[in-house]
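*Asks:* In the numbering used here, the protein residues as written are 1 to 221.
It should be emphasised that the hints constitute simulated quantities derived from the structure, not laboratory data. Glycine is no exception: its CB is placed at the ideal position from the N, C-alpha and C atoms. Do not take every clue at face value.
[Stated by the list, open to error] Calculated pairs, SDA-like style, for lysine to any residue (alpha carbon to alpha carbon, straight line, at most 20 angstroms): (1) K74 to V162; (2) K160 to R80; (3) K74 to I166; (4) K68 to Q99; (5) K160 to R175; (6) K68 to D50; (7) K160 to I192; (8) K74 to T163; (9) K37 to E164; (10) K68 to Q83; (11) K68 to D101; (12) K68 to R45; (13) K37 to G170; (14) K160 to A87; (15) K74 to T190; (16) K68 to L193; (17) K37 to A168; (18) K160 to D78; (19) K68 to D167; (20) K74 to D167.
[What the hints assert, rightly or not] For each label pair, taking beta carbons as the anchor points, the in silico distance ranges come out as: (21) G52 to S106: 39 to 49 angstroms; (22) V125 to G165: 35 to 45 angstroms; (23) T134 to L51: 32 to 42 angstroms; (24) D50 to H127: 35 to 45 angstroms; (25) D191 to D57: 27 to 37 angstroms; (26) E126 to S106: 18 to 28 angstroms; (27) D79 to V38: 12 to 22 angstroms; (28) V159 to H110: 20 to 30 angstroms; (29) D72 to T116: 21 to 31 angstroms.
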Amino acid sequence: HSSGIHQDGVLKLRETYEIMDPADIGIPTGDSIVLTKVSGRHGLRSRISDLGVDLDDAALDRVYEAFKDVADRKDEVDDRDLQAILAEQASVQLHDQWQLDLVQVSAGDHSAPTATVRLIDRDGVEHQDAAIGTGPVDAIYQAINRVVGIENELTEFSVKSVTEGIDAVGEVTIRIEAEGRTYTGRAADTDILVASARAYLHALNRLTNVAAPQQPVTAAP
1 HSSGIHQDGV LKLRETYEIM DPADIGIPTG DSIVLTKVSG RHGLRSRISD LGVDLDDAAL
61 DRVYEAFKDV ADRKDEVDDR DLQAILAEQA SVQLHDQWQL DLVQVSAGDH SAPTATVRLI
121 DRDGVEHQDA AIGTGPVDAI YQAINRVVGI ENELTEFSVK SVTEGIDAVG EVTIRIEAEG
181 RTYTGRAADT DILVASARAY LHALNRLTNV AAPQQPVTAA P
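Using the sequences and the hints given, assemble the complete structure.
*Replies:* Okay, structure coming up:
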């Protein structure tokens, strides 16, 4: 089912909309929902629950926004896509210092790879910079480094295709090292360069949160 209204009805009262019970022909009922860009929060929450994941409202809000972003670029979002989204959101902390607002890359046979990034800090202030790299991903990371300004060493970068097809979601995992500690970032997107930027930023946020942890807010005396 890909229609949002129909899907919501199936979830609330399945027998009203199903001509036959999928279980009667050997299809588990949990596998009968196909998520698309018209699927609502209820459909998404139900599918996440089928995967054995329980989210509070705040976490669901973040996952739903990420889901809509992927669904806008894909006809269907399957379980592997959803699991990649959940894995990325699990690495996002509530008070992260930096969020990715924009990444643009220019590259070609006869031009140096150049990336422009715009980040938004915890206070809502925009920071933009650009850099040249040995490749598109390196250019992105150099541009992010110019904004964030924290020394680190990239020790691992890996990409895997979560699904098949030209609109497949790619999952990027990176590890960085600073002062003897390792920080991991993961991100999934149909655009590998965007996923690479977000994964790196997730790792940098973890590093930033350790280097300068949030101070508790205390009441004035």
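*Asks:* Against this structure, judge whether each hint is valid.
*Replies:* Going down the list of hints, with the structure as the test:
1. With a C-alpha separation of about 13 angstroms, the suggested pair K74 and V162 falls inside the 20 angstroms cut-off, and the hint holds.
2. Note on K160 and R80: the hinted pairing holds, with a Cα-Cα distance of about 12 angstroms set against a maximum of 20 angstroms.
3. Of the supplied pair hints, the one linking K74 and I166 holds, its CA atoms being roughly 10 angstroms apart against a limit of 20 angstroms.
4. A threshold of 20 angstroms between alpha carbons decides the hint, and for K68 with Q99 the separation of about 18 angstroms falls inside it, so the pair holds.
5. Annotation: proposed proximity of K160 to R175 holds, straight-line Cα distance about 15 angstroms (limit 20 angstroms).
6. Between K68 and D50, the direct Cα distance comes to roughly 19 angstroms. Compliance with the 20 angstroms bound is thereby established for this hinted pair.
7. Restraint check for K160 and I192: the C-alpha separation of about 10 angstroms stays at or below 20 angstroms, so the hint holds.
8. The hinted pair formed by K74 and T163 meets the criterion: a straight-line CA distance of about 11 angstroms does not exceed 20 angstroms.
9. This hinted pair checks out: K37 and E164 have alpha carbons roughly 19 angstroms apart, not beyond 20 angstroms.
10. For the proposed pair K68 and Q83, the alpha carbon gap of about 14 angstroms is at most 20 angstroms, so the pair holds.
11. Taking the CA atoms of K68 and D101, the gap is near 16 angstroms; set against the 20 angstroms cutoff, the hint holds.
12. A C-alpha spacing of about 13 angstroms is found between K68 and R45, which places the hinted pair at or below 20 angstroms, so the restraint holds.
13. For the proposed pair K37 and G170, the alpha carbon gap of about 19 angstroms is at most 20 angstroms, so the pair holds.
14. With a C-alpha separation of about 14 angstroms, the suggested pairing of K160 with A87 holds against the 20 angstroms cut-off.
15. Under the criterion of a C-alpha separation no larger than 20 angstroms, the hint pairing K74 with T190 is consistent with the structure, at around 8 angstroms.
16. Restraint check: the Cα-Cα separation between K68 and L193 comes to about 19 angstroms, which is no more than 20 angstroms; the hinted pair holds.
17. Between the alpha carbons of K37 and A168 the distance comes to roughly 15 angstroms, so the proposed pair stays at or under 20 angstroms and holds.
18. Straight-line distance between C-alpha atoms of K160 and D78 comes to about 16 angstroms, which keeps the hinted pair within the 20 angstroms bound.
19. For the hint pairing K68 with D167, the CA-to-CA distance comes to about 15 angstroms; that is within 20 angstroms, so the pair holds.
20. Distance check on the hinted pair: K74 and D167 sit about 6 angstroms apart at the alpha-carbon level, within 20 angstroms; holds.
21. In this structure, G52 and S106 meet the distance hint of 39 to 49 angstroms, their C-beta atoms being roughly 43 angstroms apart.
22. Separation of V125 from G165 is about 39 angstroms and conforms to the stated range, judged on CB atoms against 35 to 45 angstroms.
23. Against the hinted window of 32 to 42 angstroms, the Cβ-Cβ separation of T134 and L51 comes to about 39 angstroms, which satisfies the hint.
24. Between D50 and H127 the C-beta distance comes to about 40 angstroms, which sits within the given range of 35 to 45 angstroms.
25. At roughly 28 angstroms, the beta carbons of D191 and D57 sit within the given window of 27 to 37 angstroms.
26. Separation of E126 from S106 is about 21 angstroms and conforms to the stated range, judged on CB atoms against 18 to 28 angstroms.
27. For the pair D79 and V38, the supplied restraint of 12 to 22 angstroms holds, since their beta-carbon distance comes to about 18 angstroms.
28. Checked against the given bound of 20 to 30 angstroms, the beta carbons of V159 and H110, roughly 25 angstroms apart, stay inside it.
29. Roughly 22 angstroms separates the CB atoms of D72 and T116, a value that falls within the hinted 21 to 31 angstroms.
When held up to the earlier numbered hints, the structure conflicts with none and fits them all.
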